[in-house]
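Let the hints inform the model, and build the full structure from the sequences given.
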Amino acid sequence: MRINVLQHTPNEGPGAIQAWADERGHEFYVYHPYQFGSLPTAEETDLLVVLGGPMSPNDDLPWIKQERMLIKQLLAQHKPIFGACYGAQQIAKTLGYQIGKAPHKEVGWAPVYRQSTAVPGIPEKLDALHWHEEMFEVPDEAQLLFSSDLVKNQGFLLGDNVIGLQFHFEPLADNVREMAVNDDQYPLEHNDLHQTPQEIIDHGVPAENKRVMFSLLDFITK
Numbered sequence: 001m002r003i004n005v006l007q008h009t010p011n012e013g014p015g016a017i018q019a020w021a022d023e024r025g026h027e028f029y030v031y032h033p034y035q036f037g038s039l040p041t042a043e044e045t046d047l048l049v050v051l052g053g054p055m056s057p058n059d060d061l062p063w064i065k066q067e068r069m070l071i072k073q074l075l076a077q078h079k080p081i082f083g084a085c086y087g088a089q090q091i092a093k094t095l096g097y098q099i100g101k102a103p104h105k106e107v108g109w110a111p112v113y114r115q116s117t118a119v120p121g122i123p124e125k126l127d128a129l130h131w132h133e134e135m136f137e138v139p140d141e142a143q144l145l146f147s148s149d150l151v152k153n154q155g156f157l158l159g160d161n162v163i164g165l166q167f168h169f170e171p172l173a174d175n176v177r178e179m180a181v182n183d184d185q186y187p188l189e190h191n192d193l194h195q196t197p198q199e200i201i202d203h204g205v206p207a208e209n210k211r212v213m214f215s216l217l218d219f220i221t222k
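Residues 1 to 222 (this note's numbering) are what the sequence shown spells out, left to right.
Check each hint, because a few of them may be wrong.
To be verified - Restricting the straight-line Cα-Cα distance to at most 30 Å, the calculated cross-link-like pairs of lysine-lysine (DSSO-like) are:
1. Lys222 - Lys65
2. Lys101 - Lys125
3. Lys152 - Lys65
What the hints assert, rightly or not - Label pairs and their computed distance ranges (CB to CB):
4. Met69 - Thr117: 31 to 37 Å
5. Lys125 - Arg2: 31 to 37 Å
6. Arg24 - Ala118: 33 to 39 Å
7. Glu44 - Asp149: 39 to 45 Å
8. Gly100 - Pro62: 19 to 25 Å
9. Asp60 - Asp183: 35 to 41 Å
10. Pro206 - Glu44: 30 to 36 Å
11. Glu124 - Glu23: 22 to 28 Å
Rather than coming from a laboratory, the hints here were simulated on the basis of the structure. The structure displayed is predicted, hence computed values, not measured ones. Quick reminder that beta carbons are idealized off the backbone N, C-alpha and C, glycines included.
In structure tokens form, the structure reads like this:
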């Protein structure tokens, strides 16, 4: 399987998603459209991963619109797609749903609660890393997958091959440190989770997050 990853900022990499691909023996390609403008074609994509970033799907940038064209093609071909944060918003926007300010800005660690049992083996409650202030509308044709205490729309499952998460299960410990030290002002600005960059680092990554990330990817690629 060829996995094509769209990365949108240097400090938000694939983390556990790459670990999953390596363990499963898949080919792994990382594109940086924000910097180089390059995107894979639908024909050469078996799984598309759309990572987070500081931009919004509402930004009027050619490469953002080109990403949605690719997502639309893959949706039509029923190929698996996983989106994290901005990536989940891009999927929802492709389907015609609004992206806007969330009722609360969440930056740091906070629990998310499972809202569907469609994906086997997901605990009822997980501690996830949040790094966002915008939110997607859950598509009518999808089901709500996760919610948090502050923001209801935290994840959705579309059919059996598309998952979008507003939060992050993919970061490993090194990824969290990289996010926190390079985007260190973001947690300090009107953050409703009231966590500093150092507190976010010191929290550590729950071991079960990597396992759940693997389960989600196994589910949409089965």
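Hints, verified against the model:
Between lysine 222 and lysine 65 the alpha-carbon distance is near 29 Å, which keeps this suggested pair within the 30 Å criterion. Only pairs whose Cα atoms come within 30 Å are accepted, and lysine 101 paired with lysine 125 is accepted, the gap being roughly 25 Å. Under the criterion of a C-alpha separation no larger than 30 Å, the hint pairing lysine 152 with lysine 65 is consistent with the structure, at around 27 Å. Checking the proposed 31 to 37 Å range against methionine 69 and threonine 117 shows it holds: the Cβ atoms sit about 34 Å from each other.
In this structure, lysine 125 and arginine 2 meet the distance hint of 31 to 37 Å, their C-beta atoms being roughly 34 Å apart. One distance hint, 33 to 39 Å for the beta-carbon pair arginine 24 and alanine 118, is violated here, with the actual separation near 21 Å. Look at glutamate 44 against aspartate 149: about 41 Å separates their beta carbons, and that is inside 39 to 45 Å. Distance hint check for glycine 100 and proline 62: the Cβ-Cβ separation is about 22 Å, which falls inside the suggested range of 19 to 25 Å.
Between aspartate 60 and aspartate 183 the beta carbon distance is about 23 Å. The supplied range of 35 to 41 Å is therefore violated. Proline 206 and glutamate 44 have their C-beta atoms about 35 Å apart, which keeps the hinted 30 to 36 Å range intact. Look at glutamate 124 against glutamate 23: about 26 Å separates their beta carbons, and that is inside 22 to 28 Å.
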